[in-house]
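Novice: Residues per chain are reported as follows:
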Amino acid sequence: MYRYDEFDHAFVNDRVAQFRDQVARRLSGELAEDAFKPLRLMNGVYLQLHAYMLRVAIPYGTLNSRQLRMLAHIARKYDRGYGHFTTRQNIQFNWPALSEIPDALADLASVEMHAIQTSGNCIRNVTADHFAGAAADEVADPRPYAEILRQWSSVHPEFSYLPRKFKIAVTGAERDRAAIQVHDIGLHLKKNDKGETGFAVYVGGGQGRTPMIAKKIRDFLPEEDLLSYTTAIVRVYNLHGRRDNKYKARIKILVHETGAEELARQVEVEFAELKNTELKLPDADIQAITSYFAPPALEPRAEGWANLAQWKKADSDFARWVHQNVQPHKHPDYGMVTISLKPIGGIPGDATDEQMEAVADIAEEYAFDEIRVSHEQNLILPHVALADLEPIYRALVATGLATANAGLITDIIACPGLDYCALANARSIPVAQEISNRFASADRQAEIGELKIKISGCINACGHHHVGHIGLLGVEKKGEELYQITLGGSGDENTSIGEIIGRGFEPEKVTDAIEVIVDTYLGLRLDQSENFLAAYRRVGPQPFKHALYGNAAAAA
Amino acid sequence: MTDKVLTANRLSDGISVWLDAAGTWNTSLQEAFVARHKEAVEALEATGKQAFADNKVVDVNVVDVEEVDGVLRPLRMRERIRAGGPTIPYAAGYAGLNATRSVVA
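These protein sequence lines map, in sequence, to chains X and D. Taking this note's numbering, I'd label the letters of the first sequence as residues 1 to 556. Taking this note's numbering, I'd label the letters of the second sequence as residues 557 to 661.
Hint data in this document are derived by calculation from the structure and do not stem from the laboratory. On a predicted model such as this, the values are computed, not experimentally measured, just so you know. Virtual Cβ for every residue (Gly too), placed ideally from N, Cα, C. Some hints here could point you the wrong way.
[To be verified] On the chain X side, residues computed to face chain D include the following (Cβ under 7 Å):
(1) L98
(2) D419
(3) P430
[As the list claims (entries may be wrong)] Here are the simulated DSS-like pairs of lysine-lysine, each with C-alpha atoms no more than 27 Å apart in a straight line:
(4) D:K594 x X:K478
(5) X:K165 x X:K77
(6) D:K612 x D:K594
(7) X:K477 x X:K545
(8) X:K216 x X:K167
(9) X:K167 x X:K275
(10) X:K275 x X:K191
(11) X:K280 x X:K216
(12) D:K594 x X:K37
(13) X:K77 x D:K612
(14) X:K37 x D:K612
(15) X:K280 x X:K191
Make the full structure from the sequences, and use the hints.
Specialist: This is the structure we're talking about:
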């Protein structure tokens with residue numbers, strides 16, 4: 001993974017010292033809140049319902065064991081013993097005291113981590129496929145390009161006060177696991193007919209109150225033009241994005257109002273000016289960054305195949321976990337392990353300090369010291385020999401992290417919702433917990449198959465409900481929580497925005513509604529190979545409306 | 557008139573607090589001073605403005621409450637959760653849950 005150079009170390013340490021001074025001046029009263037608020041936000045410090053919240057950046061979701069142990073330390077020393085992994089591959093701590101945050105940031109800096117640009121109207125943490133560098137279907141590792149973008153966008157003087165926040169995601173496989181089409185810029189790393197590396201470029205995707213699927217404005221952008229073309233896009237946005245209305249300020253609105261074709265033309269005009277400047281990426285620079293992401297030396301471990309067969313035969317729970325949570329690796333003797341942070345009835349994305357320590361130990365011993373955070377709020381061990389799966393599983397069982405539900409109905413994405421968030425209108429976590437408990441049976445989950453439920457506690461859509469196969473949006477109606485259900489959303493290479501199925505459900509009725517939807521799907525699918533999304537796309541909303549609301553609604 | 561209390565978050569650690577009858581910022585809603593007429597609400601607002609200016613608290617708001625069997629209950633769920641803490645159990649040792657359930661229900 002990328003290692004800080006002297007400049008990086010000095011920059012982050014300077015920033016900690018600067019923020020320490022700002023916090024001291026705020027606490028002494030020298031700085032007023034109006035002056036301080038933008039400064040704390042630039043350092044990832046929010047004020048939530050109960051306390052401050054610190055959001056720490058995990059660039060493209062990649063961590064080593066030392067860093068994960070530091071996150072455990074932060075949870076233990078400055079928080080209440082846990083952290084919340086987010087849908088942007090970051091982690092949030094819910095209870096830090098403002099007076100102690102500079103110390104927490106200094107501790108983070110010691111392991112090359114920070115909270116810069118995790119808030120504010122700037123270019124946020126660049127996200128990437130959580131299986132990057134390991135997936136069997138990958139064309140190239142997207143992380144070197146995400147790192148180049150991270151370096152370019154960090155305190156970029158031109159792009160520190162954009163009309164609104166700006167999110168970039170990169171994937172290196174045809175199967176999009178980074179949801180690039182619902183990002184401000186989505187980059188699909190690919191090879192052209194000549195074998196050259198470049199990107200399909202998508203612009204103007206996003207969720208929130210106005211969900212939009214990004215438009216592809218370039219089929220193939222040579223890798224050397226990554227920064228000049230991205231600069232051109234953000235410059236056009238910075239010039240023409242709306243600053244009069246924060247709800248219309250994202251680039252998706254500019255793309256919508258301008259038209260993708262015209263916007264692409266404007267980008268090309270800027271790009272023509274920038275193409276042959278210092279922004280052009282020399283091959284040597286790309287290679288230098290790529291070398292940081294060289295895969296570990298994976299020795300042949302063919303004994304794993306026989307071991308695995310034996311272990312699976314001996315333990316059906318282990319077999320189920322392997323089937324559900326281990327994906328094929330580029331190397332046939334290895335796999336990619338999803339560590340579910342969705343225990344039955346648990347809180348999506350939460351991990352205690354002890355669990356973080358345990359995962360760090362496992363990664364160090366068995367997984368080449370690499371951990372990823374997925375935007376689906378799970379942890380990933382990207383390089384694991386099949387021969388080591390059994391001891392890893394035992395260690396995960398011991399720390400309560402061996403739930404075999406990756407991609408199933410209980411692998412629910414949920415934002416913090418009204419239990420924590422100052423913006424939320426309704427709770428998300430208890431809804432996720434009740435659905436998880438209702439569908440707790442492993443056999444029932446297996447029967448249902450792949451089904452992604454995503455829950456947001458407000459229209460800002462941090463829980464990605466728009467792209468859930470089943471999406472839940474919590475709203476406040478007459479002082480009470482109500483949950484609107486959308487069906488048919490998807491955040492992959494065939495992105496779609498879910499359709500509102502009908503009137504919302506009260507908290508005590510929403511799990512029953514989900515069950516009705518699931519039972520309806522089971523009753524109409526062609527066979528077990530037709531998953532929920534495929535079935536919904538085949539039959540449309542009517543059977544589900546009928547099941548939920550009766551004939552009158554179905555006819556409407 | 558709906559009963560009202562003054563709430564904020566403490567500057568130093570962000571913890572939710574309510575102004576009590578002694579004029580101090582208390583971490584329990586149940587200790588809050590309840591304003592039951594216009595003049596009392598105006599006094600609360602003035603106190604809140606001053607405390608903000610004095611850099612004691614941030615995010616100062618007057619919120620609606622009702623008193624049920626001697627227990628103060630904010631009318632909005634958001635404020636009930638602020639008063640009781642998250643409605644979900646968390647890591648071992650977290651104490652917010654039990655207090656919250658009775659308030660949110």
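Novice: For every hint, state whether the structure bears it out.
Specialist: Hints and how they fare:
no. : hint            : result
1   : L98             : 6 Å, holds
2   : D419            : 4 Å, holds
3   : P430            : 6 Å, holds
4   : D:K594 x X:K478 : 25 Å, holds
5   : X:K165 x X:K77  : 31 Å, violated
6   : D:K612 x D:K594 : 25 Å, holds
7   : X:K477 x X:K545 : 22 Å, holds
8   : X:K216 x X:K167 : 16 Å, holds
9   : X:K167 x X:K275 : 22 Å, holds
10  : X:K275 x X:K191 : 20 Å, holds
11  : X:K280 x X:K216 : 22 Å, holds
12  : D:K594 x X:K37  : 32 Å, violated
13  : X:K77 x D:K612  : 24 Å, holds
14  : X:K37 x D:K612  : 15 Å, holds
15  : X:K280 x X:K191 : 19 Å, holds
Checked against the numbered hints listed earlier, the structure breaks hints 5 and 12; every other hint is satisfied.
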